[in-house]
Amino acid sequence: MRNYLSAECYKVFHRSYFYVTLLVCLALEGLLLWGSWLTLQWGNASIDFCSTALMIPVLLGVGMYATLLTADMVFSDQYKYNTMKNEVSYGLSRTRIYVGKLLVSLLVSLVAAAVMVGFYLLGCWVLYPHNELDQGALSLIGYTLSGALPLWFGAQAVSIFCYFHVRSSTVAAFAAVGILGVLPSVLQAFGLLFHPVFEVMRQFTPSFMLDNLKNMAFDGSYLGLCWASGLVWCAVFTAAGLALFRKKEIR
Amino acid sequence: MEARGLTKRYGNALAVDHVDLHLEKGQIYGLVGRNGAGKTTIIRMITAQTTPTEGTITLFGANTPKGLAAMRARTGAMVEVPSFYPYLDARQNLEYYRIQRGIPGKSAVEEALEAAGLADTGRKKFKHFSLGMKQRLGLALALMNRPDFLLLDEPINGLDPEGIVEFRNLLLRLSQERQTTILISSHILSELSNLATCYGFLDRGIMLEEISAKRLEEKCRACLELHVDDAPAASLVLERTLGTNDYEVVHPTVLRLYSHLDRPGEIARAMVEAGVTLSALESRGANLEDYFLNLIGGARHA
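Going down the list, the protein sequences come from chains S and W. Each position in the first sequence, counted from 1, maps to that position plus 280 in the numbering used here. Each position in the second sequence, counted from 1, maps to that position plus 10 in the numbering used here.
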């Protein structure tokens, strides 16, 4: 497995996709920082480290959709380029291939998240005035990130599932958005129309929980629920993806 | 390598129908068949790209799923079109697979590129390779782990004449020096006939015949076919009057004579003078293509 993980890292970090995507994201963050800094210069007194850094808990959902990009980087259009046969024909087990790609996509996501969160916080720290609210803001960011992490893992498992089982990567991305982004709305509608159980199910979807995290500040039991829910999503989609991939014809 | 009763069914369509294959160490086995005969499906089953509907595969003595997976690390394969990451160059692509497969030493990449004639491609990305270069890179990957068993599906497609000669010499060298067993499918039968030591003829998923190159050569050898009323009497004429024993009796009334090919008149006269009735005297002989076409023609009529 170590060889497989090393090879996948070699592939991801030897192409421009990862670096260009990261640069674009950092540029957008830079734009956000610059915009806030401009309003500060124009006399908006409400702009400080606390108010700008607290954009992180608001944007946790972006991290969920970013798993589509990291899954795409690692999966690398293997069906389009027919490269999966090179791995299978050498006797690499399907479990190793599936789990290996999931682990590397999690690693890439973590690296990208660390760089982006670090860059944004550093920018806020350097550019904006500080006050007694800083400590509270940092604590809230720490809380929401620790709750978001398992939910992002679950989202990553969904994205990898879609890339492994849908031949076109564009359609796979739409399928993943459907599960992660549209399914909660469908469950909500079903909850109103048919049975409240659908509403309960919606409350355990990554997108709902990520949105709700900032409203449940420092609630340890909700944090535990996030971990349980995220890991269940991850386990269910990995088990299902693996079972299907074991039977898949490779071309 | 051995396959027994190998079968692949897609819905109601039978792509491969109870095929038996036997490959000995160091053998170059030519898999011959038309498009859709089942050649690629057989290779895909051996390389685990698809699972057989029925039948067993044995690789280096292993036939359990776990054992087969372990033994596949001793194989090299090039199935259909060589496939690599287009945004990586030849070295990066091979380095990726070298790391993935745990092949020790970075020199393995250079050696494989050298063997495939791709040592000087520089930083050119795979997406800019010609078909021949892609084919060579596919071969380099198949050779990188110094396999004991090489599976090649239409490997000379896209190679230029010089590349074909280099490729042929490389395979012969691997077979002779390293005792590498090679299973090769090709439409270019004339090229296959320069390499193979054994053939399997496939048609519509059925193995029509497995035959050694030596036996095939004997069967295809140019000869005069004599249809007579009494083969033993005709044999005496050939030996005593014409002084040859380079013939075989293939039927009580049919002989094949491998000498005197340019003297049919002399043979006819000798038979008549000895009182043997000669009802037909035909010139025979075939190459691999003729043999294959006759074989599938026969199978179709049957």
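Keep in mind that a hint or two might mislead.
Said to hold, decoys possible - So the derived list for chain W, only partly shown, Cβ under 10 Å to chain S, looks like this:
{"no.": "1", "residue": "T60"}
{"no.": "2", "residue": "A80"}
{"no.": "3", "residue": "R82"}
{"no.": "4", "residue": "R84"}
{"no.": "5", "residue": "T85"}
{"no.": "6", "residue": "V91"}
{"no.": "7", "residue": "R108"}
{"no.": "8", "residue": "N155"}
What the hints assert, rightly or not - Calculated pairs, BS3-like style, for lysine-lysine (alpha carbon to alpha carbon, straight line, at most 27 Å):
{"no.": "9", "chain 1": "S", "residue 1": "K528", "chain 2": "W", "residue 2": "K76"}
{"no.": "10", "chain 1": "S", "residue 1": "K360", "chain 2": "W", "residue 2": "K135"}
{"no.": "11", "chain 1": "W", "residue 1": "K35", "chain 2": "W", "residue 2": "K76"}
{"no.": "12", "chain 1": "S", "residue 1": "K527", "chain 2": "S", "residue 2": "K360"}
{"no.": "13", "chain 1": "W", "residue 1": "K229", "chain 2": "S", "residue 2": "K360"}
{"no.": "14", "chain 1": "S", "residue 1": "K527", "chain 2": "W", "residue 2": "K76"}
{"no.": "15", "chain 1": "S", "residue 1": "K360", "chain 2": "W", "residue 2": "K35"}
{"no.": "16", "chain 1": "W", "residue 1": "K35", "chain 2": "W", "residue 2": "K224"}
{"no.": "17", "chain 1": "W", "residue 1": "K116", "chain 2": "W", "residue 2": "K144"}
{"no.": "18", "chain 1": "W", "residue 1": "K35", "chain 2": "W", "residue 2": "K229"}
{"no.": "19", "chain 1": "S", "residue 1": "K360", "chain 2": "W", "residue 2": "K134"}
Claimed, not checked - Stretches of chain S that chain W covers, calculated by requiring three or more beta carbons in the stretch to come under 8 Å of a beta carbon on chain W:
{"no.": "20", "segment": "356-367"}
{"no.": "21", "segment": "473-481"}
Because the hints were derived from the structure by calculation, they are not lab data. Every residue gets a Cβ at the ideal spot worked out from N, C-alpha and C, and that includes glycine.
Going through the hints against the structure:
1. Look at T60/W: its Cβ gets to within about 5 Å of chain S, closer than 10 Å, so that hint holds up.
2. Residue-level restraint check for A80/W holds (minimum Cβ-Cβ distance to chain S is 6 Å; threshold 10 Å).
3. With its C-beta approaching chain S no nearer than about 3 Å, R82/W sits inside the 10 Å limit, and its interface hint holds.
4. With 10 Å as the threshold, the beta carbon of R84/W comes within range of chain S, its nearest partner Cβ sitting at about 9 Å, so the hint holds.
5. Hint on T85/W holds. Least Cβ distance to chain S is approximately 7 Å, under the 10 Å limit.
6. Because the closest C-beta pair between V91/W and chain S is about 7 Å apart, less than 10 Å, the hint holds.
7. About 8 Å separates the beta-carbon of R108/W from the nearest beta-carbon of chain S, less than 10 Å, and the hint is met.
8. For N155/W, the interface hint holds, since its Cβ comes within 10 Å of a Cβ in chain S; the closest pair sits about 8 Å apart.
9. Taking the CA atoms of K528/S and K76/W, the gap is about 18 Å. The hint holds against a cut of 27 Å.
10. At roughly 17 Å between alpha-carbon atoms, K360/S and K135/W fall within 27 Å of each other, so this suggested pair holds.
11. A distance of roughly 22 Å separates the Cα atoms of K35/W and K76/W; the hinted pair therefore holds under the 27 Å criterion.
12. Restraint check for K527/S and K360/S: satisfied, since their Cα atoms lie roughly 19 Å apart, inside the 27 Å limit.
13. About 45 Å separates the Cα atoms of K229/W and K360/S, which puts this hinted pair outside 27 Å; it is violated.
14. As the CA atoms of K527/S and K76/W are separated by approximately 16 Å, the hinted pair is consistent with the 27 Å bound.
15. Proximity of K360/S to K35/W is assessed by CA-CA distance (about 36 Å); at most 27 Å being required, the pair is judged violated.
16. The hinted pair formed by K35/W and K224/W meets the criterion: a straight-line CA distance of about 17 Å does not exceed 27 Å.
17. Restraint check for K116/W and K144/W: satisfied, since their Cα atoms lie roughly 21 Å apart, inside the 27 Å limit.
18. For a cut-off of 27 Å, the pair hint linking K35/W to K229/W stands: about 24 Å separates their Cα positions.
19. As the CA atoms of K360/S and K134/W are separated by approximately 21 Å, the hinted pair is consistent with the 27 Å bound.
20. Against chain W, the segment 356-367 of chain S contributes 7 residues with a C-beta closer than 8 Å to a partner C-beta. That satisfies the three-residue criterion, and the hint holds.
21. Residues of the segment 473-481 of chain S with a Cβ under 8 Å from some Cβ of chain W number 0, which does not satisfy the need for three, so the listed coverage is violated.
In this structure, the earlier hints numbered 13, 15, 21 are contradicted, and the remaining ones agree with it.
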